[in-house]
Amino acid sequence: MPLVKHGKLVTDAFVTVADDETLPDAPALVSAERLLKEADALFARNQPVGVIWPNSKDVLDLAPFVDRLAVVALVFPKFRDGRAYTQARLLRERLGYKGELRAIGNVLRDQFLLMVRCGFDALDVAKEADAQAVEKELKTYSVFYQPTGDGRPTPLRARLAAARSV
Amino acid sequence: MYVYDEFDRTFLQERVDEFRDQVRRRLSGELNEEEFKPLRLMNGVYLQLHAYMLRIAIPYGTLSADQMRALAHVARRYDRNYGHFTTRQNIQFNWIKLEELPDAMADLARAGLHGLQTSGNCIRNTTTDPWAAATPEEIEDPRLYAEIIRQWSTLHPEFTYLPRKFKIAITAAKHDRAAIRVHDIGLRLHQRDGETGFEVIVGGGLGRTPFVGKTIREFLPRHHLLSYLEAVLRTYNAGGRRDNIYKARIKIQVHEIGTEEFTRRVEEEWAQIKDGALTLDDAAIDAIRAHFKEPDFEALTDEPEVLVAAKADSAFARWFGNSVAPHKVPGHAIVTISLKPVGGPPGDATAEQMDAIADLADRFAYGEIRVAHEQNLTLPHVRQKDLPELWRALDKLGLATPNVGLISDIIACPGLDYCSLANARSIPLAQDLTKRFADHERAADIGRVHLNISGCINACGHHHVGHIGILGVEKKDEEFYQITLGGKANHKARLGELIGPAVPESEVVDVVERILDAYVELRQSPSETFIAAVQRLGIEPFKERAYAAR
Ligand code: HEM
Ligand code: SF4
Chain R
1 MPLVKHGKLV TDAFVTVADD ETLPDAPALV SAERLLKEAD ALFARNQPVG VIWPNSKDVL
61 DLAPFVDRLA VVALVFPKFR DGRAYTQARL LRERLGYKGE LRAIGNVLRD QFLLMVRCGF
121 DALDVAKEAD AQAVEKELKT YSVFYQPTGD GRPTPLRARL AAARSV
Chain U
1 MYVYDEFDRT FLQERVDEFR DQVRRRLSGE LNEEEFKPLR LMNGVYLQLH AYMLRIAIPY
61 GTLSADQMRA LAHVARRYDR NYGHFTTRQN IQFNWIKLEE LPDAMADLAR AGLHGLQTSG
121 NCIRNTTTDP WAAATPEEIE DPRLYAEIIR QWSTLHPEFT YLPRKFKIAI TAAKHDRAAI
181 RVHDIGLRLH QRDGETGFEV IVGGGLGRTP FVGKTIREFL PRHHLLSYLE AVLRTYNAGG
241 RRDNIYKARI KIQVHEIGTE EFTRRVEEEW AQIKDGALTL DDAAIDAIRA HFKEPDFEAL
301 TDEPEVLVAA KADSAFARWF GNSVAPHKVP GHAIVTISLK PVGGPPGDAT AEQMDAIADL
361 ADRFAYGEIR VAHEQNLTLP HVRQKDLPEL WRALDKLGLA TPNVGLISDI IACPGLDYCS
421 LANARSIPLA QDLTKRFADH ERAADIGRVH LNISGCINAC GHHHVGHIGI LGVEKKDEEF
481 YQITLGGKAN HKARLGELIG PAVPESEVVD VVERILDAYV ELRQSPSETF IAAVQRLGIE
541 PFKERAYAAR
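Top line first, the protein sequences correspond to chains R and U. One point on numbering: in this note's numbering, the residue at position 37 of the first sequence is 37, and numbering is uninterrupted. One point on numbering: in this note's numbering, the residue at position 344 of the second sequence is 344, and numbering is uninterrupted.
Derived from the structure by calculation, the hints contain no laboratory data. Watch out, some of these pointers could steer you wrong.
[Unchecked claim] Just the calculated beta-carbon pair ranges, DEER-fashion:
hint	chain 1	residue 1	chain 2	residue 2	range
1	U	ALA548	R	LYS57	56 to 62 Å
2	U	GLN191	R	ARG152	32 to 38 Å
3	R	LYS136	U	PRO221	39 to 45 Å
No experiment lies behind these values; they were computed from the predicted model shown. Every residue, glycine too, gets a C-beta built ideally from N, C-alpha and C.
The following block holds chain R by itself, in its conformation from the complex (with noise of 0.2 Å):
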């Protein structure tokens, strides 16, 4: 499925590896299972490393490897199963992890301004006409009412901003 980065179309470098598959000499994509059983070999082989995190696990677990991790995959099973929502945003602003954070799943293009706005910077689209719509999409909208991690000032702000300036 085309991989949208930034808002750009890119090729995915990373290999979706099974639990019982032996690494490839590439970027490769792990479950969650595999990342916290060989951690340890996985960070010593000189590829980046990449985990597929389900959404009904506590994403907090993830600390010990936020450092060391070049992909987070979160899932959307379908587009109304909204936790990866919530473990995005623990996950940039709680654990202050600065590598990709990848939507995958069932991921239209409707929702992705929300997925931006939670910290997603990447997505791996469902659908091929969805990808070409990603810009204009993520210009939908050009005022936010709440703030997210995403740093963009609300309203509410902008308007105590403006008066404090006069």
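Add chain U with the ligands to chain R, keeping to what the hints say.
Here is chain U with the ligands on its own, set in the frame of chain R:
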């Protein structure tokens, strides 16, 4: 009234543009119905039994006269000339064409109205006391905080795909007119040691599994309102059930893990974010306050001569007695406009009535209107000297039925006439009941009774918290109804008790009448209300009488 500024207007325009594009994609076949569904729902567009239904948010139930005119316009131009005010302090239009929806939305947006937060698994439109900023009982205008919550919750990126819909209600008066204990979160503003804060109540709700909410914090300083809400929502989003939609509400999570454990999780999360970007300082609260323009109240005195004289007219006196409430400013009053005419569907208003109410609001009531969860309208600020003239004008419009708070002031969901989930009809039943109790003398003798009807277990008509609750249960050849007694939605909220087997439609009105006759006989004095009598006597004596004739 809260006055929208450039930010809000830009946002609304962007919302309309987005929806227009989504409808275009649906009409061109780019989106199928399944894909379109969540997108339309996010704009309050349902697919009902007969047509698309548009539900429009009325944040905290406050409307300006111009906004009311915009609703009248939509009723006239895009619908069948009427709208339906709901228990969520919203309005619904039942007959709008999909192709015309974007235009209707654009017309609404020009008046600062939209369908956001009226549907979908997001934080819904926050509701509050329809008497806010008018009643002498309250410590502060709760709409201020409702507006702060509106801004925080509007398209919240983290909480737009929750396990289920999420409803917040808030009150600042001791007397709860916002039913806060039967909401996902209820907030009660109060003061402690000179500081203003909130009692936080979580996990109330009706529907299939009704619960009265539990207090998880006695006092939350107001500056922490948003961070605490975010902590609750986060706890729910991460841990609420998603395997079964009937178990996905926060009330089930609270029930299953226990109030103590739920509170612990919230407090733990809150500790991490409480001093972050969501902290409200006084400047932020005052900035919102500044957007609420208080009316320029005239300096008047109570009980002006015209009013005293008018009370000699018994028809006026009757209406005054149940539709008019005291106001915080001398010489003013709060007026409830009954949308429950004898024989009419509860909560409906025609385009002409909406326009006329807007004009009356401009003439007599500083241009402000409220929607109450009882499906009535309120003029929160009326000059007492204008009451007789206002009454005459309302009477001409069929809007002066003197039944507010009485047996024919019925709450009813749309039921089988509109709703695809219904088991039974609600509206015709409500109409029959209002006809049976059309005699105002008799209704006044029976006194204060809340009768609530839902067409199915989803409880949109709040039957669980009706003094008398009626629930449609089957969809056989005949419709059946269960009857509960003793429910209350106020500060002493409790759920009604089932009195026995369901009765067929043809008998419901008689059963209700027998219950009320029993009350009139059994009450200690006319000042003992129906609900007080039910609580004193239990349901047994009513039950006996209800089924006696069968
Ligand atoms: C017309 C189509 C409607 C549909 C399909 C619908 C759907 C539902 C459903 C599924 C529930 C159960 C939620 C739960 O699990 O607690 C519910 C409850 C509710 N709905 Fe509706 N509804 C409709 C109309 C209305 C109307 C007209 C009103 C207001 C008059 C309303 C306001 C409410 C309220 C206040 C509840 C109470 C339960 C609660 O949230 O605690 N809905 N609705
Ligand atoms: S209570 Fe049932 S019948 Fe009535 S509106 Fe709600 S879902 Fe429909």
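39 to 45 Å as the expected CB spacing between U:PRO221 and R:LYS136, which holds or is violated: The hinted range 39 to 45 Å holds for R:LYS136 and U:PRO221, with Cβ atoms some 43 Å apart.
Cβ separation of U:GLN191 and R:ARG152, checked against the hinted range 32 to 38 Å: holds, 35 Å
Outcome for the supplied range 56 to 62 Å, where the beta carbon pair is U:ALA548 and R:LYS57: holds, 60 Å
Of the numbered hints listed earlier, not one is contradicted by the structure.
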